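With the hints as extra help, turn the sequences into a complete structure.
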Amino acid sequence: MDTLSPVASGGAAGPLTADELRELYSLMVAVRHLDTSAIAWQRQGIIPGYAPELGQEAAQVGSGYAVDITRDFVFPTYREMGVARTLGVDMVAYMSTHKATWHGGLYNPMESRLAPIQAVVAGSVLHAVGWAHGQTLDGKDGVALTYFGDGASSQGDVHEAMNFAAVMKAPVVFFVQNNGWAISVPTERQVAGGSVAARAAGYGIPALKIDGDDVVAVVDATRRAFAHARSGNGPVLIEAMTYRRGPHSTSDDPGRYRSLDEERDGAGVDPIERLRQRLLADSIADEAFFAEVLAAAKAEEEQIRTGIQGLGSRPGTEMFDLVFQETTPALQAQAANWREESEHV
Amino acid sequence: MDTLSPVASGGAAGPLTADELRELYSLMVAVRHLDTSAIAWQRQGIIPGYAPELGQEAAQVGSGYAVDITRDFVFPTYREMGVARTLGVDMVAYMSTHKATWHGGLYNPMESRLAPIQAVVAGSVLHAVGWAHGQTLDGKDGVALTYFGDGASSQGDVHEAMNFAAVMKAPVVFFVQNNGWAISVPTERQVAGGSVAARAAGYGIPALKIDGDDVVAVVDATRRAFAHARSGNGPVLIEAMTYRRGPHSTSDDPGRYRSLDEERDGAGVDPIERLRQRLLADSIADEAFFAEVLAAAKAEEEQIRTGIQGLGSRPGTEMFDLVFQETTPALQAQAANWREESEHV
Amino acid sequence: MSNSILESGTTNEPASTTVMSMQQALNRALDEVLAENRKAVVFGEDCGRLGGVFRITDGLQAKHGAQRVFDTPLAESGILGLSVGLAMAGFHPIPEVQFDGFAYPAINQIVCQIARMNYRSRGTMPMPITLRVPSFGGIRAPEHHGESLEALFAHVPGLKVVSPSNPHEAYHLLKYAATRPDPVIFMEPKSRYWQKAEVDIARHEADGGAPTGAKIMREGRHLTLVAWGAMVSRCLQVAELAAEDGIDVEVLDLRWLKPIDAAALAASVRKTRRAVVVHEAPLTSGLGAEVAQLITQHCFDTLKAPVERVTGFDVPYPSGDLEDEYIPNIDRILFGIQRVLEYKRG
Amino acid sequence: MSNSILESGTTNEPASTTVMSMQQALNRALDEVLAENRKAVVFGEDCGRLGGVFRITDGLQAKHGAQRVFDTPLAESGILGLSVGLAMAGFHPIPEVQFDGFAYPAINQIVCQIARMNYRSRGTMPMPITLRVPSFGGIRAPEHHGESLEALFAHVPGLKVVSPSNPHEAYHLLKYAATRPDPVIFMEPKSRYWQKAEVDIARHEADGGAPTGAKIMREGRHLTLVAWGAMVSRCLQVAELAAEDGIDVEVLDLRWLKPIDAAALAASVRKTRRAVVVHEAPLTSGLGAEVAQLITQHCFDTLKAPVERVTGFDVPYPSGDLEDEYIPNIDRILFGIQRVLEYKRG
Ligand SMILES: Cc1ncc(C[n+]2csc(CCOP(=O)(O)OP(=O)(O)O)c2C)c(N)n1
Ligand SMILES: Cc1ncc(C[n+]2csc(CCOP(=O)(O)OP(=O)(O)O)c2C)c(N)n1
Ligand SMILES: [Mg+2]
Ligand SMILES: [Mg+2]
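For the record, the sequence lines run as chains A, B, C and D. First residue of the first sequence? That's 1 in the working numbering, and the numbers climb one at a time after it. First residue of the second sequence? That's 1 in the working numbering, and the numbers climb one at a time after it. First residue of the third sequence? That's 1 in the working numbering, and the numbers climb one at a time after it. First residue of the fourth sequence? That's 1 in the working numbering, and the numbers climb one at a time after it.
Don't read these hints as lab results, they were simulated from the structure. These numbers were taken from a predicted model, which means no experiment stands behind them. Do not take every clue at face value.
[Said to hold, decoys possible] Just so you have them, the derived chain C footprint on chain D, three or more residues with Cβ under 8 Å:
#	stretch
1	101-108
2	112-124
3	127-135
4	291-302
5	320-326
[To be verified] Listed next, with one range per pair, are the computed distances between beta-carbon atoms:
#	chain 1	residue 1	chain 2	residue 2	range
6	A	Glu262	C	Arg140	55 to 63 Å
7	B	Gly312	D	Gln237	53 to 61 Å
8	D	Ala66	A	Gly139	49 to 57 Å
9	C	Pro181	A	Ala288	50 to 58 Å
10	A	Asp265	D	Ile330	48 to 56 Å
11	C	Glu240	D	Ile330	50 to 58 Å
For glycine and all other residues, C-beta sits at the position ideal for the given N, C-alpha and C.
As structure tokens, then:
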């Protein structure tokens with residue numbers, strides 16, 4: 001499905017260059033390596049839990065790649081590690097949330113242009129609309145990019161967000177990663193009608209339903225959507241069809257609700273392998289490049305792991321100090337009491 | 001718009017008979033007369049407030065007319081007086097809610113097949129889905145008919161209801177009265193894309209967008225929708241285009257947000273007048289009939305008014321006694337305390 | 001604003017005052033906030049062209065433009081979620097929820113997002129959101145138009161909650177709340193919208209300070225009545241009646257329902273040694289429990305009787321006909337006072 | 001069930017017991033409820049095929065069929081709104097909200113619909129809905145997975161609220177709640193799901209009665225600790241430690257958070273003359289305030305010190321690393337006890 005008319009504004013760039021394609025490949029490999037390592041970290045007791053994005057690298061890296069962090073703003077769920085990495089977020093600070101250091105992560109969202117990690121399904125979709133409307137009010141040209149899943153599409157807030165965005169012509173790109181599953185519930189028992197993209201038409205919002213495992217298609221679609229929204233034409237919805245290859249999280253057991261055969265069929269060809277074949281076919285990269293990229297990814301993972309392992313707990317005073325901009329006497333009293341009783345021990 | 005394929009099941013009846021058309025006219029006039037009288041009651045201090053349905057008689061009477069109260073169930077908002085009357089609800093008990101006697105009304109919803117009056121916008125749309133799913137679980141063939149407005153369509157619950165209904169193939173008819181306004185906000189700044197019916201396609205739900213001021217079209221559409229849902233084909237959405245000719249409620253002042261010219265243009269031809277002309281043209285009724293109908297409506301209104309005027313306050317003990325099926329000691333203690341202190345005075 | 005305070009704050013004579021209704025006072029406060037802070041935006045259902053069903057935003061769209069004062073679609077979660085995003089973009093949103101009972105659809109955004117974003121973002125994304133909620137009962141309105149949500153809001157970490165009891169408080173508390181960097185739930189006692197009273201525009205408090213704590217509305221020696229919102233004026237009436245019987249009642253307007261001014265409660269009850277707390281919300285787990293417990297904690301030795309609560313009952317807010325049976329009325333408050341005064345250690 | 005009670009109720013010896021986890025006890029209770037009432041239906045996110053993320057509904061779909069045990073789309077308001085309609089159609093819905101923090105999107109349906117439909121319909125549309133909510137913290141989970149909503153629920157007229165503290169209570173309280181004609185919020189302490197203990201399947205209570213009030217879990221003479229959910233076992237630990245210092249602590253499992261068993265609170269504190277209430281939820285306007293105030297009201301003359309509250313702080317529930325600083329730990333409860341015991345009238 002493609003109901004987004006070609007953008008006259010010329011905002012969307014031309015085809016991806018060889019450099020860009022190689023960069024996308026490097027990003028996907030870095031993300032894949034960190035992602036699979038994080039599962040291992042959890043098994044090794046380095047972190048208590050993790051929600052892998054295995055198989056969604058093209059969707060995440062490709063969409064994140066279209067963002068201009070000098071003016072846009074991104075609203076993730078709990079599964080957008082690949083987006084964070086693509087935006088250049090400090091990955092120790094990002095991964096710290098999975099170490100149970102701080103809900104939302106330790107990175108600075110204002111500087112990173114990535115809102116705090118969001119655990120409420122569909123929780124931040126409306127925030128993107130509000131931020132985007134703020135651009136309109138300020139006469140700026142930033143675009144909000146908000147992520148949500150097939151499961152999240154069932155939440156009332158997604159409907160309210162799409163309606164608000166369309167009524168206000170807010171510059172938002174709704175990026176749905178339809179990975180086939182919401183924990184144990186498959187898309188066909190979640191998304192009536194079968195497609196989140198199909199919903200957009202009802203709001204007069206153009207939509208693109210794309211192969212989310214084709215990183216080039218993802219970059220292209222996201223760039224087109226950004227150009228459309230940036231030019232004052234209002235929101236766009238992208239539904240990137242992909243597959244959650246791993247468990248929902250490290251505490252999930254997919255064997256209870258899908259077979260290995262179903263997994264293999266649903267997953268199709270690995271998005272990284274697809275890009276690799278393409279790079280080879282177009283002679284954009286060779287084995288030496290791939291080896292180099294893998295080595296870099298490994299080095300990067302090691303660095304992040306070291307950072308995570310070295311990360312101490314946040315001081316308990318932050319519990320109190322970060323509640324408000326202007327604290328209250330009652331809270332100060334509780335903090336004092338807490339300090340006294342924990343030192344006393 | 002009509003995305004409801006002709007029903008093979010033959011559930012929808014043939015064209016309306018002359019008797020039926022006359023009955024519809026009588027109902028519309030009774031409703032109109034009671035409705036305009038209720039405004040007068042409010043001015044006379046008989047009731048503290050009222051939400052008129054002036055101009056929506058065809059939509060309400062026509063849809064209510066399609067209901068089979070031996071098996072279906074209806075979920076109103078706060079503005080479905082015309083539906084209640086058509087279903088044969090005790091109108092003193094119904095109107096008592098506007099006398100501030102009891103939220104929800106004094107009628108018995110189980111016997112009337114009309115859920116209590118609902119003040120939360122979109123509040124009961126999901127209830128209809130649940131009730132309808134209960135029919136499926138019980139192997140029964142009842143259909144739930146749920147009403148909501150253009151404004152209510154913005155609520156998340158409406159989206160959740162449509163998705164649930166479609167996923168579960170629940171026998172629900174969503175009946176939207178698009179009366180152009182949600183208090184002061186016109187449909188074009190409320191419903192992105194311009195049509196609630198257009199939303200249905202995104203869920204795979206067939207929809208009918210109809211002239212809600214043509215009672216024959218309303219009956220026909222609702223019957224078709226019921227036949228579809230009753231035969232196990234799942235939900236249908238009907239958007240009846242109409243116009244809220246009066247104020248939102250007796251405390252509203254439409255002059256603040258729309259001009260009389262706009263009102264006249266928006267309202268178009270009075271739905272009752274339209275039916276009258278049709279009955280005359282087809283020689284189904286004559287002036288004598290119309291006079292008789294009006295006289296009956298007047299008599300009926302007088303009876304209801306007398307009933308309302310004679311209606312005492314509910315005893316205060318009901319505040320406590322109707323909270324639970326199984327009361328609690330704490331509540332009994334509060335009731336005793338209340339009794340003591342109010343008698344003491 | 002601060003200029004006026006400086007000007008009048010040094011003298012002790014009352015500054016020039018104006019008589020207005022709470023509706024007018026709130027409207028004026030919003031007007032000034034919009035004028036003083038170009039990042040302030042006002043919105044909600046029917047807030048623009050209509051000026052709100054209670055006319056609190058009357059005329060603001062015409063004056064400040066449809067970009068800064070606007071109608072939203074009919075969806076409370078949407079309105080509050082929008083506010084979060086606007087706050088992230090540097091705005092000071094002043095949304096309205098049309099009636100108390102319609103805050104429920106927005107609770108998820110209020111509790112999980114607005115109240116926590118500053119914390120979650122480690123102080124980098126403050127939420128200067130002033131949520132106006134026409135609140136409480138007493139106007140014979142339909143269902144869900146007479147609710148008291150203060151106990152819910154006060155329990156939520158990250159929110160501040162305030163309720164004005166008269167036009168003067170309304171003007172100053174709203175101006176104060178709407179210039180704070182933290183989210184404030186502003187609960188307007190809708191039954192008091194149209195009563196007129198004097199407003200000293202020039203200064204908040206007799207001492208020139210910010211309106212941050214509770215306020216003694218009437219001094220007394222025998223018993224402290226604690227109330228907020230519409231119940232304050234009722235308690236003042238009760239105090240007059242009690243005075244006829246020689247009972248000298250102090251009336252404390254709590255004003256801030258979170259944080260609660262425990263020091264003011266303690267100071268008053270240490271003097272009077274007896275207290276009754278009054279609210280419209282149901283008894284169980286109402287804010288009265290917190291107030292009573294704070295008083296007991298601070299004044300255990302001086303209290304002559306357990307703190308009494310005169311509140312709504314543990315029943316759904318009833319229809320107009322039974323409203324007066326539900327909301328604490330003068331008699332029930334007097335009975336409560338009597339119970340406390342007659343309390344004898346067993 | 002009633003047969004078993006009759007059989008064992010007459011004797012005073014313990015009936016045959018089984019050791020199981022709370023997860024197993026809850027699962028068994030649901031299984032029996034489904035078997036005994038053909039109108040009972042169980043549903044929620046991932047409740048069907050997966051058996052729930054905590055496996056409370058494990059195996060139920062296979063046994064009772066996909067019509068009676070089913071997955072819903074991911075929308076909590078939808079799940080609760082669906083429950084209302086099913087109840088109207090004569091069913092006994094037993095929905096699950098996957099985690100405490102995700103009850104917020106459903107609050108509108110819970111407060112405005114479930115809690116009021118019996119009232120609104122004048123008793124003609126009862127709402128026998130048993131809403132299971134895996135609750136409270138302590139498992140190092142992501143944000144919104146450690147919330148305590150009891151104060152909110154207990155404040156809502158029309159709801160009953162209960163929380164089991166061990167497998168035996170879980171089994172009997174769920175069977176009891178799920179056969180009641182009124183809505184019950186069933187708050188499961190998720191940190192206790194996997195601890196095993198003895199369950200006497202045959203009967204609820206030593207006296208054979210229904211599990212309707214609070215329950216003394218340990219008798220003591222010097223002070224009453226009041227708790228619910230996961231805090232009960234912690235308080236029992238504390239009592240053991242205190243006993244080493246010669247302090248004899250009574251532990252009261254409140255069980256029903258609405259209605260609260262005020263008589264049991266009063267009876268215990270009249271004996272011990274001192275009380276500490278413990279909960280995970282934030283202090284302000286928490287249920288501890290209500291409990292403390294009820295105790296003070298009933299035991300004002302006998303109380304030797306103000307009731308102390310040891311609770312979570314007025315801060316958003318923190319991430320795992322700070323969880324143990326937030327949830328009342330043994331030391332903080334001991335400090336609370338100490339403060340009460342050492343209290344001297346000034
Ligand atoms: C409001 C809310 N309800 C329930 C949950 C629990 N939960 C976490 S993730 C998830 C499934 C989400 O599925 P989807 O939106 O498709 O995203 P995916 O996990 O596939 O990335 C659920 C039910 C939640 N986080 N928030
Ligand atoms: C959840 C909720 N929010 C706000 C209101 C206040 N309110 C009552 S009616 C109304 C407008 C409804 O418009 P629409 O759905 O089009 O129905 P109509 O009044 O036109 O029949 C509003 C905002 C409400 N009743 N419920
Ligand atoms: Mg998914
Ligand atoms: Mg309308």
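Examine the stretch 127-135 of chain D for residues whose CB is less than 8 Å from any CB of chain C, and state whether their number is three or more.
violated (count 0)
For the stretch 320-326 of chain D, count the residues whose Cβ lies under 8 Å from any Cβ of chain C; is that count three or more?
violated (count 0)
In terms of beta carbon proximity below 8 Å, does the stretch 291-302 of chain D have 3 or more residues touching chain C?
holds (count 6)
For the stretch 101-108 of chain D, do three or more residues have a beta carbon lying closer than 8 Å to a beta carbon of chain C?
With 5 residues in contact (Cβ-Cβ under 8 Å with chain C), the coverage given for the stretch 101-108 of chain D holds.
I want to verify a distance hint. Is the separation of the beta carbons of Glu240 of chain C and Ile330 of chain D within 50 to 58 Å?
Check passed, 52 Å falls within 50 to 58 Å.
Confirm or reject the claim that Gly312 of chain B and Gln237 of chain D have a C-beta distance inside 53 to 61 Å.
59 Å, holds
Satisfaction of the hinted span 48 to 56 Å by the C-beta atoms belonging to Asp265 of chain A and Ile330 of chain D
The hint (48 to 56 Å, Cβ to Cβ) holds, given that Asp265 of chain A and Ile330 of chain D are roughly 52 Å apart.
55 to 63 Å as the expected CB spacing between Arg140 of chain C and Glu262 of chain A, which holds or is violated:
60 Å, holds
Determine whether the Cβ-Cβ distance between Pro181 of chain C and Ala288 of chain A falls within the hinted range of 50 to 58 Å.
54 Å, holds
In terms of beta carbon proximity below 8 Å, does the stretch 112-124 of chain D have 3 or more residues touching chain C?
holds (count 5)
Given the hint of 49 to 57 Å, is the C-beta distance from Ala66 of chain D to Gly139 of chain A inside that range or not?
54 Å, holds
The structure fails hints 3, 5 (numbered hints given earlier, in ascending order).
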